[in-house]
Each structure stands twice: as C-alpha cells, then as structure tokens.
Amino acid sequence: MISRVWAWAFLGSLIIFFVISVQITTDGRVNFLTIRNSQNILVAITPVLLLGLGQTLVIIGAGIDLSVGWVMSLASVLSALALRAAFNSGLPLFLSVVIGFLAAVVGAGFVGFLNGVIIAKLKVPAFIVTLGSSFIVRGVALLLSENTTVIGLPRGVRNYGNDALIYWIQGEGGGLYFLKRPDVTGDLLRRMNIILPYPVVLTAIVVGIIVFVLRKTQFGRHTYAIGGNLEAALRTGIPVDRHLISLYVLSSVTAGIAGFLSTLRFTAGSAVIGDALLLSSIAAVIIGGVSLFGGAGTVMGTVIGSLIIAVLTTGLVMLNVQAFWQFIVVGTVVILAVLIDQSRDLIIGRMNTG
Amino acid sequence: MRKTIFLLLIVLLIVPLTSIVVTSQDDTLVIGFLPGVVDPFYQVMQLGVEAAAADMGVEVVTQIPETWGVQVQTPILDAMIARGDIDYLVIAPTDKDQMIGPLQAAVDAGIRIITVDTFLGDGDYTNGPVTFPISYIGSDNVEGGRISARGLAEAIGGSGKVYINSTNPNVSSVEGRAVGFNEVMDNEYPDIEVVALDFNLDDLNTATTQTAAQLEVHPDLAGIFGTNVFSAQGAGTAVINAGLGGEVQVVAYDATQFAIEQLREGTVSLVLAQKPFDMGYMAVQFAVADAAGVTSLPRRVETGFAIIDIDNVDDPEVARFIYQVP
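Here the protein sequences come in this chain order: A and B.
Letter 325 of the first sequence, counting from 1, is numbered 324 in numbering that gives the first Met the number 0, and no numbers are missing.
Letter 34 of the second sequence, counting from 1, is numbered 33 in numbering that gives the first Met the number 0, and no numbers are missing.
Some clues are possibly wrong.
[What the hints assert, rightly or not] Computed spacing ranges between beta-carbons, pair by pair:
| no. | chain 1 | residue 1 | chain 2 | residue 2 | range |
| --- | --- | --- | --- | --- | --- |
| 1 | B | A104 | A | I327 | 57 to 65 angstroms |
| 2 | A | V328 | B | E58 | 44 to 52 angstroms |
| 3 | B | D314 | A | G11 | 52 to 60 angstroms |
| 4 | B | A288 | A | F93 | 53 to 61 angstroms |
| 5 | A | V123 | B | R299 | 34 to 42 angstroms |
| 6 | A | Q22 | B | E246 | 22 to 30 angstroms |
| 7 | A | L195 | B | S158 | 50 to 58 angstroms |
Calculated directly from the structure, the hints in this document are not laboratory data.
Even for Gly, the Cβ is constructed at its ideal location relative to N, Cα and C.
Using the sequences and the hints, build the whole thing.
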C-alpha cells in the first residue's frame with residue numbers, strides 16, 4: 000500500500016482539481032464532491048475494475064489476458080439469453096436472475112479454462128492465446144446475440160441492476176430508506192442520494208474476496224511465486240500448470256461478472272459492451288503498480304487505477320471538456336506510473352547498497 | 000493411354016468449371032451492399048435490399064462491418080472492388096470525408112455508387128464537393144433533429160435545460176441531427192437551453208457515465224436527446240440509475256425494439272423511426288434504373304420519419320415502422 004503513495008496523492012489532487020475547477024466553471028453552483036457524484040463514479044468504475052481484477056491476478060502470475068473485454072460481452076449475451084429463457088419458462092424473477100448469473104460465470108469460466116489449458120499445457124504464449132480467443136469469443140457473442148442486443152428481458156431486471164442498499168433524501172420531507180426505493184417525485188426525487196447500488200456492492204465483494212485470496216491464502220502466495228520466478232516455483236513443487244489454468248479461469252470469471260452486471264444495468268445483453276474496455280483495464284492495472292514482469296502488485300493498486308480513470312471521465316464531462324482528453328491524460332499517467340516505479344526502485348536499490 | 004485418361008479427366012473437370020464462370024458472367028446485375036455496422040437499423044435496410052433484389056431479379060452481395068469506422072469499412076470495400084463482378088455499390092459511408100478516397104477508387108474500377116443513410120461531402124451530389132455518387136437515399140437528418148427537438152420541447156413543457164448525447168463527430172447522420180435539434184431550440188424555444196453535447200464514441204458505458212455526470216452539473220436537467228441507439232440507451236440507463244425515470248424526458252432516434260421497450264417502460268418519451276427498408280429497396284431500384292439507362296434519377300431522396308410515442312405505439316400503421324428483424 001505504501002508503495003502506491005504517489006497514486007493516492009495523484010487521485011487526491013485530481014479530485015481537488017475537479018472540485019475547484021467545477022466550482023469555477025459553474026459559478027459555485029455545482030459541487031464535484033457530493034454523495035451522489037461519488038456513487039456515480041463508483042458505478043462507472045465497476046466494469047473497468049472487474050476486468051482489472053482478473054487482469055491483476057493474471058499479470059501478477061506473469062501472464063496477460065487480452066480476451067477480457069470480449070469475454071465480458073459474451074457473458075452479457077449468455078446471461079441475457081439464459082435469464083430470458085428461464086423467466087419465459089415460468090421461473091420466478093429472482094431465480095431467473097440467478098440462472099443468468101450462472102450462465103455468465105460458467106460461460107466465461109469455460110473460455111478461461113480453454114485459455115489456461117492452451118497456455119499451461121501446450122506452452123503457447125498467453126499473449127497469442129488470449130488474442131486469438133478474443134476474436135473467437137467476439138464472433139460467438141455476435142452470432143448468439145441475434146442482432147447485437149438481446150432484448151425482451153423481464154422488466155424487474157432493471158431493479159437488480161440499478162437499485163441500491165440505501166436511499167437518503169436530505170432536508171425537508173426527506174428521510175433514510177433501506178433496500179426499497181422510496182416512492183417520491185419531483186424535487187424530493189432530485190435530491191435523493193442513491194447509496195451503494197447493487198452492482199457496486201457485488202463488485203466490492205469480489206474485490207474483498209480477491210484481496211483475501213492474494214494476501215492470506217496459499218493460492219495467493221503461489222501466484223506471486225510463479226510470477227516472480229517460474230523456475231523456483233517449479234522446483235519447490237508448486238503445481239504450476241494447474242495454478243495457471245485457475246488464474247485464467249478467475250480472470251474470465253470476473254469479466255463474466257462484469258458482463259452479467261451490464262445485462263442487469265441496461266436490461267439487455269450486448270455483444271459489443273466490452274469492446275472499449277480491454278485497454279482501460281490494463282491501464283488501471285499498470286497505474287496501480289502491478290509489474291508486467293509478474294510477481295508484484297496489489298488489488299488495491301488496481302482499485303486506485305480504476306478510480307483515477309473514472310474520476311477523469313466524470314470530471315472532464317462536468318467541465319464540458321470532450322472525453323477525448325481523457326485518453327491523453329490516462330496515457331500520460333500510465334507512462335508516468337511506470338517511470339515513478341522504476342526510479343523509486345533505483346533509489347531504494349542505491350540506499351540498500353549504500 | 001494413361002496420359003489420355005489423365006487429360007480427359009482434366010478436361011472433364013475444367014469444362015464444368017468454365018461453364019460456372021460463364022453463367023456467373025451473364026448480364027445479371029450484381030449489387031454490393033455495404034452498410035455501416037451490424038445493428039437493427041441496417042438489418043432492416045438489408046431486408047429492403049433483398050426484397051428489391053428478389054422483385055427485380057438482380058444479385059446482391061452483402062458485407063456488414065462488425066464495428067463502425069473507416070478502418071473497418073475500407074478493407075471490406077477494397078475486397079468488394081477486387082471481386083471485379085460488382086456493378087453497383089449501395090453503401091453507408093462511415094465518414095463523410097475519409098470515405099471519399101476509397102469510394103473514388105471504386106468508381107475508377109467501374110462501380111457506380113449509391114449512398115444510403117449517410118452521405119459524402121455535404122450530401123449535395125449536384126453542386127457539392129462530391130458528385131460521383133448517383134444518389135443519396137436517406138433521412139433528412141437535420142429535419143429529424145428538428146422533429147426530435149419539437150417532440151422533446153413538448154414533453155418538457157417548453158422550458159428547461161436539455162442535453163445531447165451523440166456517438167462520433169464527422170458522421171453526416173448524427174451530426175445533422177444535432178444541427179437540426181440546436182436550430183429549433185435556438186429559434187423556436189427561447190426558454191430551452193441546450194447545455195452540452197458529448198460524444199460517447201459508440202460505447203454504451205461511456206454514454207451512461209457522461210449522462211450521469213451531466214445530471215450532476217445540471218440537477219434540474221429536463222430532457223435528453225440521444226442521437227442514436229447507444230446514446231439513447233446509455234442516457235436512459237443513467238436517468239434510471241439516478242432514479243429520475245419519467246422525470247427527465249429522453250428522445251430516442253431510431254425505433255429499435257429495445258427503444259420501444261424503453262418507451263413502454265416510460266424511460267423514453269418519444270422514438271423517431273427512420274425508414275431503412277425504404278432506403279434499401281429504393282437504392283436497388285435506382286441501380287436497376289440506372290443500368291437500364293434512366294438518366295433523370297433524383298440525386299437526393301428523403302425517406303421521411305414516423306414519430307412513435309406511448310399513445311400510438313400499438314397502432315399498426317405506426318408499429319410497422321419499428322425495426323423488426325426476423
């Protein structure tokens with residue numbers, strides 16, 4: 000966590016910058032740092048973060064997964080098809096949503112399993128395997144999706160994707176509500192804070208699980224060991240092949256969860272939903288300090304990386320700056336992140352020898 | 000003896016092959032169809048193209064790009080030119096400037112061009128900068144923007160702040176929609192302010208994030224104009240997310256079944272249907288007419304709109320304009 004001090008500092012200064020500049024451009028009318036906007040940003044990071052989480056595991060293990068964006072699309076389509084079929088066959092909504100979730104996770108996991116087997120057992124470089132599978136997965140998703148978008152989902156699905164744990168209306172006539180959206184309109188509705196939407200909660204749970212796995216379990220230690228020194232890991236008897244396969248399955252599964260969540264949010268499956276997300280997810284991981292050579296990095300780093308990207312998108316829109324600038328800033332931050340890491344290693348190295 | 004049998008076999012193989020080549024080189028007209036991207040709008044257009052081809056006895060070769068963009072459309076175009084058998088090309092150029100060069104190459108290869116939905120240059124093929132296409136057949140997108148503006152203005156009661164979410168710059172269709180929209184708001188509705196225009200680059204997640212951010216800057220936002228499927232869908236989702244479904248009015252361009260679902264749910268208040276079937280059908284008719292020597296084809300055909308709201312969505316006269324793909 001300490002090693003990411005500069006990233007936290009950068010995120011902090013970014014937020015301060017937007018607080019001030021948004022105040023100025025709107026004559027003090029709009030505050031960047033509100034409860035509502037913080038929730039907007041949390042919702043915005045969920046897809047990038049979920050893809051980044053799996054990517055973090057794979058990259059710590061000295062691999063790379065280029066298929067995550069399209070696995071997300073495939074999962075979105077599969078979950079929509081399964082959910083619709085289940086509901087139309089008479090199952091209750093909640094059960095249909097669960098079946099949609101399982102379809103996304105199992106379908107995505109299967110792709111990850113194939114990736115892993117070809118990488119670990121047949122010794123084909125991960126870059127090539129996942130590049131190839133991303134094309135295949137993209138084609139399959141488009142074929143299955145009928146017309147790129149799977150529609151006809153039951154209406155209640157929308158609530159699962161957009162409702163929240165807490166609703167809070169400040170001031171007069173307001174109140175605090177849990178789990179159930181208060182039935183208000185007009186001004187009250189516009190003042191309502193929607194806190195911890197379900198997609199954010201589910202993503203937070205996934206973050207928690209992966210943090211735990213990496214820090215506290217043998218699986219986590221093995222991941223760092225394999226990424227740090229493959230030869231040594233083999234000699235100490237770590238089942239490297241099986242472990243690598245698991246990493247790619249996990250990467251696909253987190254992408255699958257992202258696809259499932261987008262189906263709930265948009266009440267439709269989309270075969271193109273993940274198209275733009277691969278590079279953002281890798282950028283988030285790198286800004287977060289995960290070494291592309293493997294063996295180093297944390298989940299919290301990836302969380303900060305995703306936050307920086309989402310804060311930039313939201314802030315620039317609020318300043319009425321075209322989103323194109325976001326690419327320039329993110330690109331600069333990616334390169335700076337690696338430069339800072341390298342110079343820090345150099346300084347620490349000198350201190351140790353000196 | 001062996002040699003003779005071998006030769007005979009070769010001859011037997013080649014003769015049917017040449018006959019195949021000969022039959023495909025008869026005077027059946029071959030029309031290439033190259034829309035912008037795989038989506039319901041262009042799929043309905045494809046139905047129109049195929050229906051006309053069947054009615055008029057011409058052959059159609061269809062290639063649909065998987066994503067929108069010059070870099071995807073051009074290689075497909077080049078491959079279609081390289082086939083050498085295509086007489087006419089019905090295309091929706093993905094950029095009004097960048098596609099001029101690649102399509103000029105098609106013209107140089109002897110292919111006649113009809114643009115549908117989107118145009119080249121400024122769309123005036125008589126006096127404008129680009130004159131080589133036979134015709135532009137499509138919606139008057141500026142007019143579509145005007146209609147959307149009036150619909151949204153009515154839905155929000157003639158005053159308040161509105162916001163435009165669009166896809167990409169320099170695409171004649173969505174650009175025209177925003178132009179017409181702004182024009183009406185400026186001239187006819189002095190109490191309505193267009194506060195911003197964002198480009199989501201055809202990404203649903205981006206459209207949603209942008210709309211959410213605009214709702215922060217303008218908590219009193221009254222309406223949103225989504226210039227195409229992704230824009231309207233993303234904007235609608237952000238409105239739902241903020242719990243403002245029904246409070247903030249959304250006008251959606253393009254009558255996809257998804258847009259109609261959102262209309263029925265109350266997320267979207269107005270859907271503007273174009274007539275892609277007409278565009279596809281007429282483009283093939285124009286090609287056949289041109290091949291037959293007709294010289295007075297109009298250089299620009301506007302196919303018009305149907306306006307769908309919750310009151311007329313079940314009226315069969317209106318519902319037939321919803322983009323239905325089998």
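Against the structure, the hints come out as follows:
Here the CB-CB span from A104 of chain B to I327 of chain A is close to 33 angstroms, at odds with the stated 57 to 65 angstroms. The given range of 44 to 52 angstroms is respected by V328 of chain A and E58 of chain B, whose C-beta atoms sit roughly 51 angstroms from each other. Checked against the given bound of 52 to 60 angstroms, the beta carbons of D314 of chain B and G11 of chain A, roughly 56 angstroms apart, stay inside it. Separation of A288 of chain B from F93 of chain A is about 58 angstroms and conforms to the stated range, judged on CB atoms against 53 to 61 angstroms.
Between V123 of chain A and R299 of chain B the CB atoms are about 54 angstroms apart, so this pair departs from the stated range of 34 to 42 angstroms. For the pair Q22 of chain A and E246 of chain B, the beta carbons lie near 26 angstroms from each other, so the given range of 22 to 30 angstroms is met. Range check, L195 of chain A to S158 of chain B: about 35 angstroms between beta-carbon atoms, so the 50 to 58 angstroms window is missed.
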